[in-house]
Structures are given as structure tokens and as C-alpha cells.
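One line per chain: the protein sequences are A and B, in this order.
So in my numbering, spot 241 of the first sequence is number 336, and the numbers just go up one at a time.
So in my numbering, spot 287 of the second sequence is number 695, and the numbers just go up one at a time.
Hints were generated in silico from the structure; no laboratory data involved.
Here a beta-carbon is modelled for each residue, glycine too, at the ideal position from N, C-alpha and C.
Be aware that a few hints might be false.
To be verified - Under 8 angstroms between C-beta atoms, here's a sample of chain A residues computed to sit facing chain B:
{"#": "1", "residue": "S194"}
{"#": "2", "residue": "L355"}
{"#": "3", "residue": "A358"}
{"#": "4", "residue": "P359"}
Unchecked claim - Derived CB-CB ranges, DEER-like:
{"#": "5", "chain 1": "A", "residue 1": "Q162", "chain 2": "B", "residue 2": "L564", "range": "33 to 41 angstroms"}
{"#": "6", "chain 1": "A", "residue 1": "R115", "chain 2": "B", "residue 2": "L672", "range": "32 to 40 angstroms"}
{"#": "7", "chain 1": "B", "residue 1": "A432", "chain 2": "A", "residue 2": "A116", "range": "43 to 51 angstroms"}
{"#": "8", "chain 1": "B", "residue 1": "I545", "chain 2": "A", "residue 2": "Q162", "range": "49 to 57 angstroms"}
{"#": "9", "chain 1": "A", "residue 1": "S271", "chain 2": "B", "residue 2": "M447", "range": "36 to 44 angstroms"}
{"#": "10", "chain 1": "B", "residue 1": "V751", "chain 2": "A", "residue 2": "A160", "range": "31 to 39 angstroms"}
{"#": "11", "chain 1": "A", "residue 1": "E351", "chain 2": "B", "residue 2": "L701", "range": "52 to 60 angstroms"}
{"#": "12", "chain 1": "A", "residue 1": "S244", "chain 2": "B", "residue 2": "M755", "range": "17 to 25 angstroms"}
{"#": "13", "chain 1": "B", "residue 1": "L564", "chain 2": "A", "residue 2": "R119", "range": "27 to 35 angstroms"}
{"#": "14", "chain 1": "B", "residue 1": "L637", "chain 2": "A", "residue 2": "T237", "range": "32 to 40 angstroms"}
{"#": "15", "chain 1": "A", "residue 1": "N141", "chain 2": "B", "residue 2": "A603", "range": "39 to 47 angstroms"}
Claimed, not checked - Each computed SDA-like pair below joins lysine to any residue, with the alpha-carbon atoms no more than 20 angstroms apart:
{"#": "16", "chain 1": "B", "residue 1": "K429", "chain 2": "B", "residue 2": "A642"}
{"#": "17", "chain 1": "B", "residue 1": "K429", "chain 2": "B", "residue 2": "P641"}
{"#": "18", "chain 1": "B", "residue 1": "K429", "chain 2": "A", "residue 2": "S108"}
{"#": "19", "chain 1": "B", "residue 1": "K429", "chain 2": "A", "residue 2": "D349"}
{"#": "20", "chain 1": "B", "residue 1": "K429", "chain 2": "A", "residue 2": "R216"}
{"#": "21", "chain 1": "B", "residue 1": "K429", "chain 2": "A", "residue 2": "G211"}
{"#": "22", "chain 1": "B", "residue 1": "K429", "chain 2": "A", "residue 2": "D219"}
{"#": "23", "chain 1": "B", "residue 1": "K429", "chain 2": "B", "residue 2": "A448"}
{"#": "24", "chain 1": "B", "residue 1": "K429", "chain 2": "B", "residue 2": "A702"}
{"#": "25", "chain 1": "B", "residue 1": "K429", "chain 2": "B", "residue 2": "F703"}
{"#": "26", "chain 1": "B", "residue 1": "K429", "chain 2": "A", "residue 2": "L209"}
{"#": "27", "chain 1": "B", "residue 1": "K429", "chain 2": "A", "residue 2": "W212"}
{"#": "28", "chain 1": "B", "residue 1": "K429", "chain 2": "A", "residue 2": "T210"}
{"#": "29", "chain 1": "B", "residue 1": "K429", "chain 2": "B", "residue 2": "A439"}
{"#": "30", "chain 1": "B", "residue 1": "K429", "chain 2": "B", "residue 2": "A643"}
{"#": "31", "chain 1": "B", "residue 1": "K429", "chain 2": "A", "residue 2": "E217"}
{"#": "32", "chain 1": "B", "residue 1": "K429", "chain 2": "B", "residue 2": "V440"}
{"#": "33", "chain 1": "B", "residue 1": "K429", "chain 2": "A", "residue 2": "A218"}
{"#": "34", "chain 1": "B", "residue 1": "K429", "chain 2": "A", "residue 2": "A116"}
{"#": "35", "chain 1": "B", "residue 1": "K429", "chain 2": "B", "residue 2": "P644"}
{"#": "36", "chain 1": "B", "residue 1": "K429", "chain 2": "B", "residue 2": "V640"}
{"#": "37", "chain 1": "B", "residue 1": "K429", "chain 2": "A", "residue 2": "W214"}
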Amino acid sequence: MMKAHDASHAALSAQRLTLRAGTRTLLEAFTHTFYEGELWCVAGPNGAGKTTLLATLAGLLQPSAGQVELDGVRLADWQPLPLAQRRALMPQSAADAFSASVLDIVMLNRFPHLTGWGWEREADRDAAHAALELLGLAAFATRDVLSLSGGERQRVALAAVLCQDAPLLLLDEPLSHLDLHHQIDCLEALGGWAHEPGRTVLFSCHDLNLARRFATHALLLDGDGGAYAGPVHDVLTPALTSRAFGYPLILIRDGEHEALIPAPR
Amino acid sequence: MNRGSSSTTPTTSTMRVMNAKRAAAIWLALAVVALVVLMASLALGSVALPPGRVLAALMPSSSAHGGSADLTAEIVRTLRLPRALAGFACGALLALAGALLQVLLRNPLAEPYVLGVSGGAATFALVAMIAGGAWWIVDASAFAGAFVSILLVLGLARRELWRGEPQDTSPRLLLTGAVIAAGWGALITLLLNLAPDNRLRGMLFWLTGDLNGGAMPWTALAVLAVALLAIVPAAPRLNVLLRGDAAAQALGVAVVPLRLRVYLVASLAAAAAVTTAGTIGFVGLVVPHMLRLAFGNDQRMLLPAAALGGGVAVMGADLIARTAIAPAQLPVGVITSIIGVPVFLWMLLHRRR
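Just chain A, with the same shape it has in the complex (with noise of 0.2 angstroms):
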């Protein structure tokens, strides 16, 4: 049996990660742990590999070289089911073809507690109630997915995968679509689930101020195989985001607010 809740070990670890794209090498030798109770932004230029990363973190895309291991075991030895109860991935979001109420898509990332002939619980609809409460949308339970707007289908999304209860959320661009005030309450809403003991975020994100107003760590992709991997105010700085997005950052303050923006040519 697998060390699924063993909290000492409770981490995600890449060793020697190497992920290519046709003939590009998005990562190369990637070697680092994310540990419970970090909030990480991964940051790069498009094309630079973060959904490829977040994928091959969840296990769905095998790595060019090199391996994950979450909790100690390598993901390729875990089954489906107990490593979809460890970690949940949001993809990056998908259009619906049928009706649905968003009750029914939040409750189906309950799939991997299902048991006997798979009908929820009263359990899982309380998860599934939960995760909305926490995100505002309650009150958009009954309604049809098909009616929401980008940025609810997007929260809907969000929802779905915090219902799933697995410790480690991979979220791939949580933010798109999402107007500022929603990114700020998402991020809000994550930095007090990831408080919870043995919970890691990983989330993809192109605002760098958000991040390094939300986000403990960061890892910075330069799309040419380079990352660079730390507390956020260690990464998102100018020299190393001007490097990796190939434009000049400068980092401007007012009082304690900080920003990056690009430097005027």
C-alpha cells in the first residue's frame, strides 16, 4: 500500500525533469519539492511550457527524461484512483455540449470517492455545496452550465476541483476570463485552502503582481529550458522576469505597494 497520507512525506518532487516539444526543450533537468502549505505561481511566456509542466506534474503527459514523485512514490506507480483522491488538475476550460446544472459538474469531480454502483452520497453533495459556497456561487447552483458566461464557467471550474478534496490542486490558468475583482477573490479563496494542513497549490498565471501579492513561491519558465524556482519575491523580480519574457520589467513602489510594469522603450 502506498504512503498516500503520510504526512512526512506529504510532497511533490521533480527529480531531474526534462519536458520537450517537438524539437524545443520546454524544461530541462528540472529538479525541485513543493512542499504542504505553499501557494506557487507558475509564470512564463506563452509557449513556454506551464501547461505541459502541470500536466506532466498531475501524471497525465509523460516526461521527455526524468520523474514525479508525490509522496515518495513515483506517479507512474500510482493507481487512478488513489492519485486522483491526492491531487486534482484543472484543465484549461473546456466547452460544455449538453445541459447540466452546476450542481451535477461541481458533484462530478466527486467521482474518485464514489463507491458501490457510483451514486453520490449525501457527502459529496455537501462538497460540492462547499466548494461553491466558497467561491460566491451558491446561488448558482441550479443553474444551466450552458448559460454561464466565460468567467462563471470558469469559477464553476474552480469549484469542481476543490470539491474533489485531493491536497494537491494543479490549475491550469484559474484566472482567464475572470474579471479583477473575481481574480482576487479566487486567489483569496486559495490562500485560505492552502492553509490547511498537507495542501499544496500550483496554479499557472500571467498577472506577476497578483502573484507576488498572493503567491508564497513562484517558478519562472524562460521557454528555452531554464526555470528558476522560489519565494515569489526571490523569482518575480525584474532582472529574471525581464530575462525570461524577453521585455524590460522595472518594479515601481508607492509606500508598501509594489508593481511590476514594463519599462517604458
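For this one, chain A is given, so just place chain B on it according to the hints.
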């Protein structure tokens, strides 16, 4: 705070949560309707029989009586019962195949007839008939035709066969299916022109679905049982699959084997239905859609319900087909298409983007 949601809040008509108890109630209700329609199919026809006589005819002892009771038993047992059961089995298979194709392709308009599956089965069957093959060769050809046709649609309509793309709801798939169906149609016309006269009548049977050919229901019923046993336990996984392949895989579903299973069961069901009763259109579209409107899209409920509902639909349509302008009999495929075409167009035009 939720600016976008203040104006209208469209909800589906089925916001009640589905659970095992509610699903069982739906299945029970549909089963009762099926029994009623079955009784009507046995009682009505050129010789109308009271229900008591029908039941008596079904009892094993009834053959002991002489005279008219014997004739009644004969009509019920050898004419009406096989025909009604064949109708039920074909309808159930077609509706199940439709519901499964709709999951596989993530498109509510997918259906064996619309996608040309029935046409493929018919074409292959006609070739076998022209070649003078035995009945089982004709049936095997029909199976092969159904499989090939689904494979063609799947292969042409998406770049990677086993990867569900988010754009699956696009009309591209339907266009591909419709064009393939047109291609089969042309081949069928060609084959009919080439065929010797003495084979024409049997061949025409394939072109309009017809339960009048003395179709025996047992193969179709057996395939129905196998298909349900093979796919109903996977229904919770099919619900997850509808969210897209990446989401399903992240939830612990082995996507590729599941897709393969859905494909095989849908093809088998469609092929068995076409082999038994020719091409009956639109059942796989209308029945799952009506059930979805009424009870939601939970596959755990929908797959068995579609089988029962499809059985009722074709059994009922055949009852209409052979009593509406009696003593003349219409092919059942005419009735289902007359109802199915407007429903399909309505669905196509009212799709939400």
C-alpha cells in the same frame, strides 16, 4: 456582485438531483409503458383480440385447446410477439447506440442513421446479397459495414481518433456524417441497378426499416443484454468523460480503453439493430433527447432509460405502421423519420452556442 447573472437565470427543467431511487422510478415507469405497448401490439391488428385472449395465448397450456383458440395463439405467438419483441430490441439498441455516440463524440446530434452508420451496414449487406451470400454472411457484412462507417466518421471528423477535442460540438462532425450517408446512398442506388431482379425485393428491405420481414428478435435481444451489461457499469465514468478527456483522466478514468469500449458497444448495437430491421432512422436521436429534456443527462439513469424508451418508441411506431392504414402496412422507418426529421431540425436550430 454577480453582474452577469442578474438579468435571466435559465435553468434546465431537471434541476432535481438524480439519485439511484429516482433513476429506478424512471426505469420502472418506462418498463410499465413498455409492457402496455407490448400488450397493445399483441392485441391490435387485423384480428383484434381482448387482453384476456392475448394472455391466454401466451400461456403454455393454450395449445391444448382446439379451434379458434389455436388460431389466436398462433397469431399472437408466431406473428405478433416476435415482431413486437424485434421492434423493442431494435429500438432499444438504436437509442442506446445514439446515446453512446452522443457521449463519444460529445455532440447531442450524433445518431447512427444521421452519421451514415445504418447506410454503411445496408451497403455492405447489399453487396453480400448480390454475391449470393448466406443469411449469416449478409448479417456479418452488415456488422462490418456499421463498424467501418463509424470508424470513417470518427477518423475524418477529428485529427486524432481517440482524443476528444473541445470543438466536438462543431457541425463538422455532422457534415462528415451526412456526406458519408449520402455516399452510402449513392452506392446503394448503384447496387440496386446492378442487382438481378430476383434479389431486389430482399434488398429493398434494407433501405426502409421494416419489421414485416418475419424478423426474429432473439439475436437483437441477446445483443441488447450484452450491450447493457457491457456499458451500464461504466456509466459513472461516461459522465466524467463528457467533461473532456483531460478532466476525465485527471479524475482517474482510463480514457482510451473507455472510448474504445463505447465505440465497440455503440457499433455492435447499431449493427444488430440494422441487421434485424433495416435502417430505422432518428430513434437514437429523438429518444435520448426527450429523456434528457425530462430527466437530465446523467448517464447512469439515461443509458437504461434510453434502451427502454427506444424500445417503446419503435414498438409503438410499428403498431401505428401496421394499423394506421390497415390492412396495408407501412415500413416502421417511415413513421420514425416522419417524427424524427422535424425534431432533428428543431434541435439543430435551437442549439445553444
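Hinted pair, alpha-carbon criterion (20 angstroms max): K429(B), T210(A). Please report holds or violated. holds (16 angstroms)
Starting from K429(B), check that the Cα of P641(B) is at most 20 angstroms away, please. Cα-Cα ~17 angstroms, so holds.
Holds or violated: K429(B) to W212(A), with C-alpha atoms at most 20 angstroms apart: holds (12 angstroms)
Does the hinted range 17 to 25 angstroms hold for S244(A) and M755(B) at CB? Given about 24 angstroms between the Cβ atoms, the range holds.
Given a hint of 49 to 57 angstroms, does the C-beta separation of I545(B) and Q162(A) actually sit inside it? Since the Cβ atoms of I545(B) and Q162(A) sit about 53 angstroms apart, the hinted range of 49 to 57 angstroms holds.
Within 20 angstroms, alpha carbon to alpha carbon, are K429(B) and R216(A)? Roughly 12 angstroms separates the two Cα atoms, so the pair holds.
With respect to the beta-carbon atoms only, verify the hint that L637(B) and T237(A) lie 32 to 40 angstroms apart. holds (34 angstroms)
Is K429(B) within 20 angstroms of A439(B), Cα to Cα? Within the cut-off at roughly 15 angstroms; holds.
Holds or violated: K429(B) to D219(A), with C-alpha atoms at most 20 angstroms apart: holds (17 angstroms)
Next pair to validate is K429(B) with S108(A); report whether the Cα-Cα distance is within 20 angstroms. Cα-Cα ~44 angstroms, so violated.
Is the interface hint for A358(A) satisfied, with its Cβ closer than 8 angstroms to some Cβ of chain B? Hint on A358(A): violated, closest Cβ of chain B at ~35 angstroms, above 8 angstroms.
Assess, step by step, whether the Cα of K429(B) is no farther than 20 angstroms from the Cα of G211(A), and give holds or violated. holds (14 angstroms)
Consistency with the previously given hints fails for numbers 2, 3, 4, 9, 10, 15, 18, 19, 23 and 34, ordered from lowest to highest.
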